[in-house]
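Using the sequences and the hints given, assemble the complete structure.
Protein chains: 2
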Amino acid sequence: MAFEDDVRTAVSNYLDAVANGTSADIAALYTDDATLEDPVGSEPKVGREEIEKFYSALDSVPRSTELLTLKVAGGTAAFHFRVVTEAGDQTVTVEPIDVMTFDEQARITGMRAVWSPADMTVTGGEQ
Amino acid sequence: MAFEDDVRTAVSNYLDAVANGTSADIAALYTDDATLEDPVGSEPKVGREEIEKFYSALDSVPRSTELLTLKVAGGTAAFHFRVVTEAGDQTVTVEPIDVMTFDEQARITGMRAVWSPADMTVTGGEQ
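Sequence order for the protein chains is X and C. Okay, so the first sequence: first residue is 33 according to the numbering used here, each after it adds one. Okay, so the second sequence: first residue is 33 according to the numbering used here, each after it adds one.
No lab work stands behind these hints: they were computed from the structure. Note that beta-carbon positions come from the ideal geometry of N, C-alpha and C, so glycine has one too. Please note: incorrect hints may appear among the correct ones.
Unchecked claim - Between beta-carbon pairs, the in silico distance windows are:
| no. | chain 1 | residue 1 | chain 2 | residue 2 | range |
| --- | --- | --- | --- | --- | --- |
| 1 | X | Glu118 | C | Asp37 | 30 to 36 Å |
| 2 | X | Arg114 | C | Ala51 | 25 to 31 Å |
| 3 | C | Arg95 | X | Arg139 | 37 to 43 Å |
| 4 | X | Asp57 | C | Ser88 | 45 to 51 Å |
| 5 | C | Thr41 | X | Val93 | 31 to 37 Å |
| 6 | C | Ser74 | X | Val78 | 27 to 33 Å |
| 7 | X | Asp37 | C | Thr125 | 19 to 25 Å |
Structure representation (structure tokens):
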């Protein structure tokens, strides 16, 4: 179970980085040749450079994350979480289920985010 | 969104079948050459015959299912659910996150269940 504990810690570290880190901090949790598909069905990002660019949209906005449910099976994690971003006077909340795979060092090798517009809410910014 | 609605209905039909159907009813929701990996990391079952055999363990036991969270992105669904089986005087509850893929007719082409013993509880059967 030690490895599964490492995977649980890695998910926690990821959500901490998404909430509090830079895009470089987040990308550093991925392997060099990792893939990211968010949402599932979009063109996958390949490699840490593309992955850092994907997260760079977060660098300028306050955000928070909350883990809602986490399941681990070997080197695969599936977790339901909430990410809240403050974009100007709007608050955007998205609640995906992410599916992540990890290597033996619990570095992220792949991420696929399952969500649709139905899982996003926007509040504020209206009169 | 019509296809995503079909996928949502297919997940609902799957949980209905797991609760109330035979193993043949459940297997009929899969395509002929579908794959099933439950839990992730175990040897995948390939094809409807192996899949029906996998579910045959359920045929003799009372069970119920409850959908807890469902996310859909195109032909992929990820859902957190509870399945409760009554095995003799024991009640076994498992709460996985399943990741399913679907073809254009919303038939299941693949299922991967993410859970570990930490997500299973057994009650009863003890003095």
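Each hint, compared with the structure:
For the pair Glu118 (chain X) and Asp37 (chain C), the beta carbons lie near 32 Å from each other, so the given range of 30 to 36 Å is met. As the Cβ distance of Arg114 (chain X) to Ala51 (chain C) is approximately 29 Å, the hint placing it in 25 to 31 Å holds. The hinted range of 37 to 43 Å is satisfied by Arg95 (chain C) and Arg139 (chain X), whose Cβ atoms lie roughly 38 Å apart. Checked against the hint of 45 to 51 Å, the C-beta distance between Asp57 (chain X) and Ser88 (chain C) comes to roughly 48 Å, which is consistent with it.
Our hint of 31 to 37 Å for Thr41 (chain C) and Val93 (chain X) holds, since their Cβ atoms are close to 36 Å apart. Evaluation of the 27 to 33 Å hint for Ser74 (chain C) and Val78 (chain X) yields a pass: the beta carbon distance comes to about 28 Å. Evaluation of the 19 to 25 Å hint for Asp37 (chain X) and Thr125 (chain C) yields a pass: the beta carbon distance comes to about 22 Å.
When held up to the earlier numbered hints, the structure conflicts with none and fits them all.
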